[in-house]
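> Sequence:
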Amino acid sequence: MTDSDRTPPATIPDADDEGIDVAALLDRIGFDPETNVLTRRQAEVLALREHGLRQRDIADRLGTSRANVSNIESSARENVEKATETVGFAESLSAPVRVEIPPETDLYDVPNLIFDAADEAGIKVSYTAPDLMKRVSDAASSAVEGRNVKTRLFVSLTTEGAIRVRQAAE
1 MTDSDRTPPA
11 TIPDADDEGI
21 DVAALLDRIG
31 FDPETNVLTR
41 RQAEVLALRE
51 HGLRQRDIAD
61 RLGTSRANVS
71 NIESSARENV
81 EKATETVGFA
91 ESLSAPVRVE
101 IPPETDLYDV
111 PNLIFDAADE
121 AGIKVSYTAP
131 DLMKRVSDAA
141 SSAVEGRNVK
151 TRLFVSLTTE
161 GAIRVRQAAE
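Numbering follows full-length UniProt numbering, in which position 11 of the sequence shown is assigned residue number 11; successive positions increment by one, without gaps.
Hints are computed from structural coordinates only; laboratory data are not their basis. Remember, predicted model here, so these are calculated numbers, not experimental data. Cβ atoms here follow ideal geometry from the backbone N, Cα and C, with glycine treated the same way. A couple of the hints might just be wrong.
[What the hints assert, rightly or not] Pair by pair, the computed Cβ-Cβ distance ranges are: (1) 67 - 130: 22 to 32 Å; (2) 112 - 29: 48 to 58 Å; (3) 80 - 102: 38 to 48 Å; (4) 67 - 162: 25 to 35 Å; (5) 103 - 50: 34 to 44 Å; (6) 146 - 124: 39 to 49 Å; (7) 56 - 103: 18 to 28 Å; (8) 71 - 119: 44 to 54 Å; (9) 75 - 96: 27 to 37 Å; (10) 79 - 162: 35 to 45 Å.
[As the list claims (entries may be wrong)] Each computed PhoX-like pair below joins lysine-lysine, with the alpha-carbon atoms no more than 25 Å apart: (11) 124 - 82; (12) 134 - 124; (13) 134 - 150; (14) 82 - 150.
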C-alpha cells in the first residue's frame, strides 16, 4: 500500500452541492480492491473524473499534486484497457467461431468472411452485412481507415451469434 492509498477518501459535490463520499460511491457500484485490477486510489480518481472534476481539483481533494493524479489516472486507464483485452481474449478462446481479418482487407469483404465461418460452424449471425461492417469499424476504429483494414483483427462469434472484435498488438 502506498501513501496515496492511505489518504482519507475524497468527497465530490453532487447537483445539490452536497458532498458525496467517494468510498460510499465505490461501495454502491461494487468496487472491491481485492478482486479488481485497479487500486482503490485509481478507482477514486476515475470516479472523480467521471463526475466531472478536473485533475487539479482532484489533487486538492486528495492532498497530492496534479501530476500524481495524472499518473494515477493514466495507470488506471491502462489497467482497464488491459483487463478489457484480457476478457476479450478469454472469450475468444471459448468462441466456436474465430475469424482473422488480415491487414489490407476491404471492410466490405469482412461480413462474408464472418458469414462463411459461421455457416461452417452452423451458427446464425444476428447481424446484417452493414451492421457487421459498422461493428467491426467501430470496435477497431484505429485499425480501419476508410474501407481498408490496416491492422490484423480477430473477430469471434458466440453460439448466440454475437461478435467481439479485437486488434492485434502493434
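> So, for every hint listed, does it hold in this structure?
Checked hints:
1. 67 - 130: 22 to 32 Å: Violated: the Cβ-Cβ distance is about 46 Å, outside 22 to 32 Å.
2. 112 - 29: 48 to 58 Å: Since the Cβ atoms of residue 112 and residue 29 sit about 41 Å apart, the hinted range of 48 to 58 Å is violated.
3. 80 - 102: 38 to 48 Å: 28 Å, violated
4. 67 - 162: 25 to 35 Å: At 42 Å between Cβs, range violated.
5. 103 - 50: 34 to 44 Å: 35 Å, holds
6. 146 - 124: 39 to 49 Å: 30 Å, violated
7. 56 - 103: 18 to 28 Å: 42 Å, violated
8. 71 - 119: 44 to 54 Å: About 49 Å separates the Cβ atoms of residue 71 and residue 119, which means 44 to 54 Å holds.
9. 75 - 96: 27 to 37 Å: 36 Å, holds
10. 79 - 162: 35 to 45 Å: 25 Å, violated
11. 124 - 82: 30 Å, violated
12. 134 - 124: It holds: about 18 Å lies between the C-alpha atoms, which stays within 25 Å.
13. 134 - 150: Given that 25 Å is the threshold and the Cα spacing comes to 16 Å, the pair holds.
14. 82 - 150: Answer holds: residue 82 to residue 150 is near 21 Å, not above 25 Å.
In terms of the numbered hints stated before, the structure departs from hints 1, 2, 3, 4, 6, 7, 10 and 11, listed from lowest to highest.
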